[in-house]
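Given the structure of chain S, go ahead and fit chains A and U onto it with the hints provided.
Residue numbers (the numbering used here), protein chains in the order written: chain S, 9 to 285; chain A, 2 to 273; chain U, 2 to 341.
Partner residues are not named here, just some residues of chain S that face chain A (Cβ under 10 Å, in silico):
1) K68
2) G72
3) L73
4) E93
5) M100
6) F103
7) V105
8) Q108
9) L112
10) F113
11) L124
12) P125
13) E128
14) L129
15) A176
Hint data in this document are derived by calculation from the structure and do not stem from the laboratory. Here the structure is a predicted model, which is why all the values come from computation and not from measurement. Glycine included, each C-beta is placed from N, C-alpha and C at the ideal position.
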Amino acid sequence: MDETVSRTAASAAAPAIEVRDLSIGYGDRIVLHDLNFRIEPGQIVTILGGSGCGKSTLLKHIIGLHAPLKGDILINGRSIVHANEEQKRSIMSEFGVAYQGGALFRSLSLAENIALPMEELTTWSRQEIRKRVSEKLALVHLDGYESYMPSDLSGGMIKRAAFARALALDPKLLFFDEPSAGLDPLTSDMLDNVILEIREKTGATIMMVTHELPSIFRVSDRVIMLSAETKSIVDDGSPAWLRDHGATDYVRSFLSRGGTFLSSTTESGAPDGVPAP
Amino acid sequence: MIKKLVDRLIHCGETIYQLKEETVSLIAFLGDMAAAIWECILHPKRLRWKDFLFYMNNCGPDGLPITIMINALMGVVLAYQAEVQSHKYGADNFLPMVIGCTILRELGPLMVAIVATGRNGSAFAAEIGTMKISEELDALRTMGIRPARFLVVPKMWAMLLMLPLLTVIGDCVGCAGGYLVLSSEIGMPLDVFLRLTRQGVAVKYFFEGILKSFVFAGIITTVGCWRGFRTGNDAIAVGRSTTSAVVISILFIVLADTFLAKMFTVFYGWQG
Amino acid sequence: MTDNSKFKLGLFIIIAVVVFFAGLMILGSFEQFKEKAYVTTLFSESVQGLSVGSSVKYMGVPVGTVRDISIYPNGSVIRIDMEIKLASFRGKTAAPDDVNSITVEEFQNRIAQAVDRGLRCRMELEGITGSKYIELNYDPEAPASAIDASQYAIDNPYVPSLPSLISDLRGSVTSILAKLESIDYKGISDRANDTLDTLNSRLSSPKFDETLDNANSMITSARKSIENLEKLTDADVRGQLENLTANAKVAIAAVESLAKTVEQEIKSAEFEQIADNVRAVLANAVRASRTLDETLFNVNNGVDALIELIQYIDSDPSSIIQGKKKRRIDIEDPGPAGGR
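Here chain S stands alone, though its shape is the one from the complex (with noise of 0.2 Å):
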């Protein structure tokens, strides 16, 4: 755990996210307990975990949509547990979310929905919006489906619909949930290169929740493990790092599933984010 500590302590001053003694759940129920935690600009960070062990729920709580049983989560060095309706507003326009079922509007067409941030919140020009669309259509590949309605769309262009949106604003940090469930090898992969373009466009730091080991080993410079049993985190750190030298066996043995993709993968030169000791 001390190792933890060190590896988190070790980069630079201003986190992008930090999370202290973060205790989630519902009502009696704890969900996750004494979470800490600091996320670096520019890093894309996973968060792991067996099924029903908290990540959505600790994802949501971060993006401010739940409160927390306890502790104090910070974004950008602002603390979003504390802020009142209009701090809060101003600091959720700071990021963007792409949802898991990619939660488009249905009664606007895909042009509208990434447009509608841009109108809500900015008071740019119709033409600029329009512009700023299109940009935002092709960095995901979907330039010339502005018109479509999102009825109209198969579920792996709802998702690269759905990023687009999360960047409307050019944001500084993104929190993806579960970007490649439920989609075919090829799309998925073509959704890990859009994450892996965004971040070199943009500089944005990422944080995503995912269960697809190969994504995580394609894209990710850092893994949150969470663990149901403990309700806690059991070990962070680099995706190959935690397959090799993982704190406990459930973690190597969880990582290593996806270990025939990962020698392709990481000795490409991956960056990774976290230096192993």
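Just chains A and U, lined up with the frame of chain S:
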């Protein structure tokens, strides 16, 4: 035996607790909605005009055929029943007044509101419920948009504008239905019908019905949207919230109607 | 939002608004935009049942409503302001297109003239609910209320008021009661008693009974003559018949005179029915009527016998010569017993 009793008591307690929770959430929702409506009054640009037009169309013209049918039949049934009774006493001349007052003050607004509850209230609940399940509400919130402003305000304005208009047409059609019966059953000519209606029905009754329909529009939208926001996290929950939206709306509408009927009577008493 | 649905929405709104205004027009809410004039009256009695909004009728035609009811500082005079729809009054000429052309000044002149000719205000009951309306009508003879309108600053045309029917009625009832009180009940009763005594003495006098006895004996003799007639024989038919006719004539004359006597007797007794001696009178009357009954019964019998005889003679004229035949009686066979 004692265990059964204890179970009953626990069940009762849970129900009361749930009732309290629902009441608190309704009050919170009302506050949220009021804030959103106020925001849209201060900044009309923030109103979703496109949604507003869409819901206007949905609540008004699209609901017109069924409203006309129900209200006309209401007028026919009412006139027929009243005619059968009062014809015995030779009180035919009171029929236009009875029909006019009943439809303008009570049945017109009430039937239009009940049709709108079935058509729009349930749709609002289902729409918002589905959005909640597919995390669209969360998406709105993380975009920094107040869901009430985005989802409730256009519906509310559309209903507030359209339901009174529907009520006006419903009233007219209801009276026309009553006239059809009177003209065919006792051969009352149109000008006599109009004159008797004018004699017996005060203009204030007409406005009373329209004012009622404003209140009903508020109730239908509030309850529909509130139940939508209170939807649970599975697909069955949408069905449940739709049902509860309709049931609670109709209950509140009838309660409000009772209250308003009393209020108007007192008001007319003052007026003399 | 397609153009089609926009069109639909617009059409819907237009229709609804048109229906709304048509409804208002039918229910007559545009009345309040029509020209109006005001008329004032003063009452010195309770205006219970009258309220703001009560209707005002001109000779039964609804022409307006009560707009204001106020009490003057002296506490005994109530001012009623009435709003009159000018549309109810035709213009100078009776031309059909001149219906609404009366102006406020013209109306005021007309009211002033009408007051000179006896136009008055009066509260009337409207239906059975106790609410009232104000009736403007000509009643030059009725005494106007004793209010001096010049004491009160009234800028509207003033129409004097008449006491309402209720207060009229109250006054009349009071005067009727006073008149009733002054009637001499004792004197009436005494005179009635005297009358009854006279009647009683007349009815119980022997003369009255005698008359009735006479009538009785007369009837008996009439019957005898008829019996004699039955015994007639061929020989003395003619003479007897003549005799019979003469007898009958005498009998009828006697009955006539009896009737006259009775009539006179009754006429001379002045009937007037009041309490005390009624019982005695009735007792006598019952007795008298019983005797009368007997008499009439006898007369009836005599007449019946006469009719029978005449019928008999009619059916068998020879019987006058041959005498009466014995009647044959046929007895029907009752049939076998226990046949059922």
